[in-house]
Amino acid sequence: MPLGLVAQRTIKWQGMKLNELDKQGRKQGEWLFFDKKGNALMHCQFRNDKVISPRVFFNNGDTVLVRLEPNDSLEHFIYYYKGQQVSGAFVNSGDQFRIELDHIPQGFTREDIAELKRWYAVKIEPVYMFGMQPLVDYFSAAYYKANTIPNWNHNFVVTIDASGRVTNVEWEKKDELWTDNVEREVFGMFYNMGRWQPFFDTWQTKEIKLTMSLGADLHTITAR
Numbered sequence: 001m002p003l004g005l006v007a008q009r010t011i012k013w014q015g016m017k018l019n020e021l022d023k024q025g026r027k028q029g030e031w032l033f034f035d036k037k038g039n040a041l042m043h044c045q046f047r048n049d050k051v052i053s054p055r056v057f058f059n060n061g062d063t064v065l066v067r068l069e070p071n072d073s074l075e076h077f078i079y080y081y082k083g084q085q086v087s088g089a090f091v092n093s094g095d096q097f098r099i100e101l102d103h104i105p106q107g108f109t110r111e112d113i114a115e116l117k118r119w120y121a122v123k124i125e126p127v128y129m130f131g132m133q134p135l136v137d138y139f140s141a142a143y144y145k146a147n148t149i150p151n152w153n154h155n156f157v158v159t160i161d162a163s164g165r166v167t168n169v170e171w172e173k174k175d176e177l178w179t180d181n182v183e184r185e186v187f188g189m190f191y192n193m194g195r196w197q198p199f200f201d202t203w204q205t206k207e208i209k210l211t212m213s214l215g216a217d218l219h220t221i222t223a224r
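First residue of the sequence shown? That's 1 in the working numbering, and the numbers climb one at a time after it.
Hints in this document: simulated from the structure, not taken from any laboratory. All figures in this text were calculated on a predicted structure; none of them were measured in a lab. A few of these clues could be false.
Calculated cross-link-like contacts (lysine-lysine; reagent style DSS-like; alpha-carbon spacing at most 30 Å) [what the hints assert, rightly or not]: (1) LYS50 x LYS37; (2) LYS123 x LYS145; (3) LYS37 x LYS209; (4) LYS36 x LYS82; (5) LYS37 x LYS145; (6) LYS117 x LYS145; (7) LYS36 x LYS209; (8) LYS17 x LYS209; (9) LYS117 x LYS206; (10) LYS82 x LYS23; (11) LYS23 x LYS117; (12) LYS50 x LYS145; (13) LYS12 x LYS50.
Label pairs and their computed distance ranges (CB to CB) [as the list claims (entries may be wrong)]: (14) ASP95 x GLN14: 42 to 48 Å; (15) LYS17 x GLY83: 40 to 46 Å; (16) ASN192 x LYS17: 42 to 48 Å; (17) ASN168 x ARG26: 17 to 23 Å; (18) GLN14 x ARG184: 36 to 42 Å; (19) GLY38 x PRO70: 25 to 31 Å; (20) THR63 x VAL91: 36 to 42 Å; (21) HIS103 x LEU68: 55 to 61 Å; (22) ASN155 x ARG118: 30 to 36 Å; (23) ASN155 x LYS17: 33 to 39 Å; (24) LYS37 x ARG98: 52 to 58 Å.
C-beta: ideal position from N, C-alpha, C; glycine also.
Given these sequences and hints, build the entire structure.
Put into structure tokens, the structure is as follows:
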């Protein structure tokens with residue numbers, strides 16, 4: 001199936017236009033990443049698909065970690081611990097990893113170190129329309145407009161590229177007879193859907209495949 005064309009160049013959030021893609025599909029300018037409920041998780045800036053700013057991570061609306069661009073084996077950060085700013089660095093040297101802090105805050109424990117390490121390894125999962133629109137709402141509207149509505153369940157593997165666009169759809173073959181119209185409508189639903197929030201891992205977004213179970217009851221489940 002051909003690559004679907006995505007109309008949205010930006011995403012509207014609280015009156016602001018964010019998460020821009022240029023005509024070449026490259027990420028530009030201010031970007032926010034969200035959880036499934038639409039809460040902001042991370043902010044950064046892109047230029048031609050490359051992160052060019054610190055990554056600022058949020059927890060319940062508050063800044064929890066600011067990560068600066070790595071320099072060789074060092075990645076400096078500012079960690080907000082119970083109202084205190086703690087400067088430090090993530091150090092990767094060969095197979096060795098450690099966390100260095102400029103001072104140990106009062107009450108800081110091994111559990112807090114483990115939490116900071118978790119923030120280092122955090123990955124932001126793909127979310128349909130950046131959490132601004134429920135996935136089931138999209139498929140409900142698409143099914144309503146369809147001339148042929150499938151009445152069986154199928155599993156699909158959907159490829160989302162590093163810009164959040166659906167680039168490939170594969171399906172689990174079953175015994176039902178697929179007419180040309182059914183196939184066209186089913187795959188049109190996927191290729192014409194809005195942008196996804198791309199998968200973010202460490203310093204860059206990456207292509208990812210999602211499995212999706214979709215049936216006539218409009219119950220949709222996505223998982224890595």
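Evaluation of the provided hints:
For the hint linking LYS50 to LYS37, the alpha-carbon distance of about 26 Å falls within 30 Å, and the restraint holds. This hinted pair does not check out: LYS123 and LYS145 have alpha carbons roughly 36 Å apart, beyond 30 Å. The hinted pair formed by LYS37 and LYS209 meets the criterion: a straight-line CA distance of about 21 Å does not exceed 30 Å. Our distance criterion of 30 Å between C-alpha atoms is met by LYS36 and LYS82, whose separation comes to about 26 Å.
Distance check on the hinted pair: LYS37 and LYS145 sit about 27 Å apart at the alpha-carbon level, within 30 Å; holds. Restraint check for LYS117 and LYS145: not satisfied, since their Cα atoms lie roughly 47 Å apart, outside the 30 Å limit. For a cut-off of 30 Å, the pair hint linking LYS36 to LYS209 stands: about 17 Å separates their Cα positions. The hinted pair formed by LYS17 and LYS209 meets the criterion: a straight-line CA distance of about 27 Å does not exceed 30 Å.
At most 30 Å may separate the alpha-carbon atoms for a hinted pair to count; LYS117 and LYS206 meet this at roughly 21 Å. For the proposed pair LYS82 and LYS23, the alpha carbon gap of about 43 Å is over 30 Å, so the pair is violated. Between LYS23 and LYS117 the alpha-carbon distance is near 37 Å, which puts this suggested pair outside the 30 Å criterion. This hinted pair does not check out: LYS50 and LYS145 have alpha carbons roughly 39 Å apart, beyond 30 Å.
At roughly 22 Å between alpha-carbon atoms, LYS12 and LYS50 fall within 30 Å of each other, so this suggested pair holds. The hinted range of 42 to 48 Å is satisfied by ASP95 and GLN14, whose Cβ atoms lie roughly 43 Å apart. Between LYS17 and GLY83 the C-beta distance comes to about 33 Å, which lies outside the given range of 40 to 46 Å. With their beta carbons about 22 Å apart, ASN192 and LYS17 fall outside the hinted range of 42 to 48 Å.
Taking 17 to 23 Å as the suggested C-beta distance range, the pair ASN168 and ARG26 conforms, at roughly 19 Å. In this structure, GLN14 and ARG184 meet the distance hint of 36 to 42 Å, their C-beta atoms being roughly 38 Å apart. Checked against the hint of 25 to 31 Å, the C-beta distance between GLY38 and PRO70 comes to roughly 30 Å, which is consistent with it. For the hinted restraint 36 to 42 Å between THR63 and VAL91, the CB-CB distance of approximately 23 Å leaves it violated.
At roughly 18 Å, the beta carbons of HIS103 and LEU68 sit outside the given window of 55 to 61 Å. The hint said 30 to 36 Å for the Cβ distance between ASN155 and ARG118, and at roughly 31 Å that hint holds. For ASN155 and LYS17, the hinted distance range of 33 to 39 Å is satisfied, since their beta carbons lie about 35 Å from each other. The hint said 52 to 58 Å for the Cβ distance between LYS37 and ARG98, and at roughly 34 Å that hint is violated.
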